[in-house]
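Sequences listed follow chains G and F, in order.
Residue numbers for the first sequence follow my numbering, so the first one is 2 and each next one is one higher.
Residue numbers for the second sequence follow my numbering, so the first one is 1473 and each next one is one higher.
Take the hints with a grain of salt, since some may be wrong.
Straight-line Cα separation of at most 27 Å, DSS-like style, residue types lysine-lysine; simulated pairs [said to hold, decoys possible]:
no.: 1; chain 1: F; residue 1: K1588; chain 2: G; residue 2: K328
no.: 2; chain 1: F; residue 1: K1881; chain 2: G; residue 2: K248
no.: 3; chain 1: F; residue 1: K1831; chain 2: F; residue 2: K1481
no.: 4; chain 1: F; residue 1: K1831; chain 2: G; residue 2: K328
no.: 5; chain 1: G; residue 1: K248; chain 2: G; residue 2: K3
no.: 6; chain 1: F; residue 1: K1481; chain 2: G; residue 2: K328
no.: 7; chain 1: G; residue 1: K10; chain 2: F; residue 2: K1796
no.: 8; chain 1: G; residue 1: K13; chain 2: G; residue 2: K248
no.: 9; chain 1: F; residue 1: K1831; chain 2: G; residue 2: K248
no.: 10; chain 1: F; residue 1: K1481; chain 2: G; residue 2: K13
It should be emphasised that the hints constitute simulated quantities derived from the structure, not laboratory data.
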Amino acid sequence: MKAYQLALKDMKQAFRSLFALAFMFLIPILITTLFSIMFNGGGDEDQVEPAFQLSVIPIQLVNQDQGQMGALLADILSSEALSDFLDVTQAGDDVSARQAVDQQDAQVAVIIPADFSAALTTSGLQTEVELYQDPTLSIGPGIVETIINQFMISFTGSQIMLDVADTQFSERGVPLPQEQVQYLIGEYTRAVQSMGGESVVFSSQTPAGDVQPANAGMTGALGVIMGGMTIFYTFFTGTYASNSILKEEEEGTLARLFSTATPHTTILAGKLLAAAMMIAVQLSVLLLFGWLVFNVNWGSLALLVLFVLATTIGAATFGLFAISLAKDRRQAGAINGAGVTVTGMLGMADLFMMSSPAPNQTLKALSLLVPQGWANQGLLAISDAQPVGDILLYLGGLLAWSAVMFYVGFRRFKNRFA
Amino acid sequence: MRILALVFKDLKQQFQQWQTAFFLLIMPVIFTVLFGFMFGGFGGMNGDEDNRLPVGLLDQDQTEFSAAYLDLLDLSEVIRIEADPEAGQASLREAVSDGDLAGAVFIPAGFEQQLKAGENPTLTVITDEAAPMVNISVENALMEGYSRLVYSVLAASLSQQAYQQLVEFSSTDDSDAYFDEGLTLVLAAWETPAVGTVSQYVGAETEEEALAMSENAFVQTSPAMMAQFAIAGLIGAAEILVSERRSRSMARMLTTGISRTGILLGHYLAMTMVIFLQLLILAVFGQIFLNLDYFAQPLATLLILVTAAMTNGALGLLIGAVAKTSETVIVASLVPMFIFSGLGGAWFPLEFTSEAVQKIGHFTHVAWMIDGLKDIAGRGMGLEAAWLPSLVMLGFTALFFSLSVWRFKFE
């Protein structure tokens, strides 16, 4: 009962502090909102925006080919259909095109070589379209390359077809007449034009089996950001709440408390309970906010309750442990700043790796070196509807961390106040 | 002279604490290396190691066509197929969810039949919605392979039809054999296509240089972490201001010969020097260990580092001006760190966002600092790339400094 009263007093104090409220609620919400605007372009809820909305890619186009195929590729790249992705400027020569990329007026210069048509119509010839690009950019040049490759596959396919037909006809002692060549090209072109795009071919699903909505990356990415931020700041709350032990020690109120009949362990338990209560409120509010405002699907409610419980224990014991390492509030400030930031950033490695087209899974596992990583993986597993066994493993890992941190933190404080 | 004494006092006070080195150097080094390797390190996706994205496969058709699709996917530089005959839909979905696979593709039964009939079979692609960039890469690579297969079938089929128009096949088997032969020839031809693409990079003189520049993930993470931790490094410096104010040392200082301006300048210079030293060491670290040629253009690099240090120093002064307690120093440092870093492109390259957001991002000094350093280390540029970011950062310096002078209280 005494522990509960102490906890209630600490909690009341915390909720009166602007600093605590800012850290607990305002900053995680602010940062998630910021990323929502960044990746959604601030579009309204009904507007279906593509994930990671990109700006139109400025490209310089140089067609050194005098033949039909070069002109066709140039027309395709400059077509209305691609104008949402590409802003094409026809350059007079490759020097001025390269210069535009050098001066960052364009992301890529596409240089169609003089023998482009010849390579596509003459057997045995090979050539390359040059993409002169900015090495510090990846997505824009990558998109341009993908678009060009798609078209070149269809061009190359026609050339391969003619070569193969010629080989097969020759092997059977039949010459390939010009009319048949025309027939082949005509039919091939007609078939290519009637083909559907990626959306016709692929049924994109989430691991849980749901259809990936048009803005799947947005909702999913926001879930990762909001989840990461929530966990990051609950661990801050853990250290902030435990900081009150040092505050009371420095202000002399702890000594007065010790002079009463209340055992030391009850006082420490009260401090830990205060931290846990604050964290539980913070977690619940932030998860609810993510669900209501950002439409984040956190997954099964029952598992989410388990997550809140485990993370509350994890963050509270983390705070106790971290603050037990500090001699005074000045040191605790450094621990709050450095320790929580480092472990928190490591724990939300998923967030930083979202923009990587080839994330390193082995290094990603390093996030499990800190308790925040277990909490983060647990939340992601619940949102992804992973098997309950896996989720319990992550939450169990977090509780194991909590047991160690509680043991060390509690002992250190007990010895200190003995 | 008195100002210098104050500077030395501040520097001594900061460097006496182990936390300073931890915040200023160890943390940014750890995160630069960690995130750099997470993004592919030096090798990107084409290094010695096979860093292609692993994609699981469930072949429910088990025909020559589905096998041909696998062969074509094998040509991809982006994905590698991990075909496990034991894997089922559930285990593949789980592997994607766990992050063991970047994606999974299910080839439906009837795949061959539909393609032969000129129809588009629907392939189920499983990707994690929380990894949008990976999804784009995986789907593009799968589509590239699929297009090659479709065009191959089309080419073999048209060759068969063209031949049949001239010569009647003796039997269905004969016709099928002709088609199969054609398909085999077309599929083999994709290994040496008549046209391809070749990438050249700004600032690269040799092919090796081009490859190294394009695939060095540290080009993004090194400037990004330098920018982020330059702000984090202000916590210690700003705390000195707060503790001097709270302990009334600052008020006592005013009774000596040093002016208010002198006190502000002294603290500002100390902060600027600390951040400059931090940035310089991190740039040297990048030069030596991360293959980033910051010092190919030493003047340009120094210009960026000096102006970035000046901006962050002024920001530190502002934090010290608005913060009243040690706790608020942390909030006042970490909030701008997260907001400026996020908006400025330290967490996600700004090229991933819309033009409007890119413009908003450039209302932070972080974006300009990253731009300048990336241009130097990633694009081999010099002063022509450094002057504008430096000028803008000087503008931020003036803004932060003015605000801190306005808000500063000595008692």
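Agreement of K248/G and K3/G with the hint, judged by alpha carbon distance not exceeding 27 Å = Answer holds: K248/G to K3/G is near 20 Å, not above 27 Å.
task = Quickly compare the C-alpha distance for K1831/F and K1481/F to 27 Å and report which way the hint goes.
result = Violated, at about 40 Å.
ask   = Is the hinted pair K1881/F and K248/G satisfied, with a Cα-Cα distance of at most 27 Å?
value = With a Cα-Cα distance of about 25 Å, the restraint between K1881/F and K248/G holds, given a limit of 27 Å.
request  = With a cut-off of 27 Å on the C-alpha distance, tell me whether K1831/F and K248/G pass.
outcome  = The given pair, whose Cα atoms are some 44 Å apart, is violated under the 27 Å limit.
inquiry  = Hint check: K1588/F vs K328/G, CA-CA at most 27 Å. Holds or violated?
reply    = Violated - the C-alpha atoms of K328/G and K1588/F are around 76 Å apart, more than 27 Å.
message = Hint check: K10/G vs K1796/F, CA-CA at most 27 Å. Holds or violated?
response = holds (24 Å)
request  = Decide if the proposed pair is consistent with the structure: K13/G and K248/G, CA atoms, cutoff 27 Å inclusive.
outcome  = holds (15 Å)
task = Take a quick look at whether K1481/F and K328/G sit within 27 Å of each other, Cα to Cα.
result = holds (23 Å)
inquiry  = Holds or violated: K1831/F and K328/G, Cα atoms, limit 27 Å.
reply    = Not OK: K1831/F and K328/G at ~45 Å, beyond 27 Å, violated.
task = Sort out whether K13/G lies within 27 Å of K1481/F, counting only the CA atoms.
result = violated (40 Å)
Consistency with the previously given hints fails for numbers 1, 3, 4, 9 and 10, ordered from lowest to highest.
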